[in-house]
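Under mature numbering (1 follows the signal peptide of the UniProt record, and there is no 0), read the sequence shown as residues -29 to -1, 1 to 327, first letter to last.
Just so you know, these hints were derived from the structure itself, not from any lab. Glycine included, each C-beta is placed from N, C-alpha and C at the ideal position. Heads up, some of the hints might be wrong.
As the list claims (entries may be wrong) - Computed spacing ranges between beta-carbons, pair by pair: (1) 87 x 136: 37 to 45 Å; (2) 282 x 122: 21 to 29 Å; (3) 132 x 97: 37 to 45 Å; (4) 213 x 282: 18 to 26 Å; (5) 147 x 282: 37 to 45 Å; (6) 212 x 112: 16 to 24 Å; (7) -1 x 48: 36 to 44 Å; (8) 301 x 122: 22 to 30 Å; (9) 290 x 203: 17 to 25 Å; (10) 140 x 215: 18 to 26 Å; (11) 24 x 97: 31 to 39 Å; (12) 282 x 86: 39 to 47 Å.
Unchecked claim - Capping the alpha-carbon separation at 30 Å, the derived lysine-lysine pairs in BS3-like fashion look like this: (13) 215 x 184; (14) 309 x 33; (15) 44 x 287; (16) 215 x 178; (17) 33 x 44; (18) 309 x 287; (19) 44 x 309.
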Amino acid sequence: MTSKLQQQAINVLKLALPFSALLSIPAVAQPPEIEIFDNVRQQHWVGVSPVSRNTIWLSGEKGTVARTTDSGKSWQYFQPGPEDLDFRDIEAIDDRRAYALSVGNGGQSRIYYTENGGNSWRLRYRGESDSFFNCMALSPSGEAWVHGDSVGDEWRMVRSADGRNWMQVRSAVSEPPQSNEGGFASSGSCARFNNDNWMIATGNADKARVLIKGSFGIRFRVVETPMQAGPMAGITSVWPVNEKTFYIAGGDLNDASSNEDRLWHYQNEEFIALSEPPINGALYSLSLIDHNGSWLLTSNPQGAAALNLDNNEWFKLSDSNIWNIQCHDDISCWLVGKDGYVGRLQWQAPQERTKL
């Protein structure tokens, strides 16, 4: 929304300019309103993967995966494995191929794959009894990395070069894990591939860190961050811009009243805290989209908000319990959460003003 000072400045400008010049004054950029879909099964959704304007995959509790191929007008539901699995992440390639990641100890951490639109699924990998997977990232080449909680002095990561063969990797990071260092399965966003870079976010330890590796790199290097850390605190989501620039979101999941910074921008080997969003508690998700400027989108059980990075203005999007926001290119962003919440931000192309 436009602030009073902004509106006053616009009014003064209108008085000073001829009518023909008014036609070229850009409107203050605002995010679109959320379109809510009430035709989705009423359950907790956490994973979301939009692969086109029409095809969106969801994953969540009760061992359930959903898919739409008509922009949310109708949904299909699938059960890749047992009903007690909790699918916290889904990474889709197109309308037929997708990977679903379940989380949990005792062999509940698993990776399933479909190549026929969800009609049948194959178990690609099952974690050891003491493994707990948090999130998965997939590159266009088919390479994938899964981030799991460390066990003792070992990283528990899983890698696939082609999506077919999966193997545990214990020496992929240049430094050993801290005690109890792991990730958060709150949005499937603690591991990401973007612009030829892999990034993994950690928490639950003395320092919250980001692990970084280029497409052709061998091992992840480690960057310590100023994000609040400790038990149930750290980075929940990371967004790579390039090898030396990224955004992180997180906080303390046990303390909704914490006043420490929850959003950071890393550039030129320096962390800069961003202004605080109008929602309380640790942030669960993070997405970056360019549309009439650059926007950061974030959410948690207290709602969702969008930050215009050009003028540092926050817009509250919702008060609903939203765990994840993921976007397809710069067209649409999908929001999912508790009680069957599914919504969409449909970003429209800028409209040219009609000349009079």
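How the hints compare with the structure:
{"no.": "1", "hint": "87 x 136: 37 to 45 Å", "verdict": "20 Å, violated"}
{"no.": "2", "hint": "282 x 122: 21 to 29 Å", "verdict": "45 Å, violated"}
{"no.": "3", "hint": "132 x 97: 37 to 45 Å", "verdict": "19 Å, violated"}
{"no.": "4", "hint": "213 x 282: 18 to 26 Å", "verdict": "24 Å, holds"}
{"no.": "5", "hint": "147 x 282: 37 to 45 Å", "verdict": "43 Å, holds"}
{"no.": "6", "hint": "212 x 112: 16 to 24 Å", "verdict": "20 Å, holds"}
{"no.": "7", "hint": "-1 x 48: 36 to 44 Å", "verdict": "37 Å, holds"}
{"no.": "8", "hint": "301 x 122: 22 to 30 Å", "verdict": "40 Å, violated"}
{"no.": "9", "hint": "290 x 203: 17 to 25 Å", "verdict": "24 Å, holds"}
{"no.": "10", "hint": "140 x 215: 18 to 26 Å", "verdict": "24 Å, holds"}
{"no.": "11", "hint": "24 x 97: 31 to 39 Å", "verdict": "34 Å, holds"}
{"no.": "12", "hint": "282 x 86: 39 to 47 Å", "verdict": "45 Å, holds"}
{"no.": "13", "hint": "215 x 184", "verdict": "11 Å, holds"}
{"no.": "14", "hint": "309 x 33", "verdict": "13 Å, holds"}
{"no.": "15", "hint": "44 x 287", "verdict": "26 Å, holds"}
{"no.": "16", "hint": "215 x 178", "verdict": "19 Å, holds"}
{"no.": "17", "hint": "33 x 44", "verdict": "23 Å, holds"}
{"no.": "18", "hint": "309 x 287", "verdict": "18 Å, holds"}
{"no.": "19", "hint": "44 x 309", "verdict": "20 Å, holds"}
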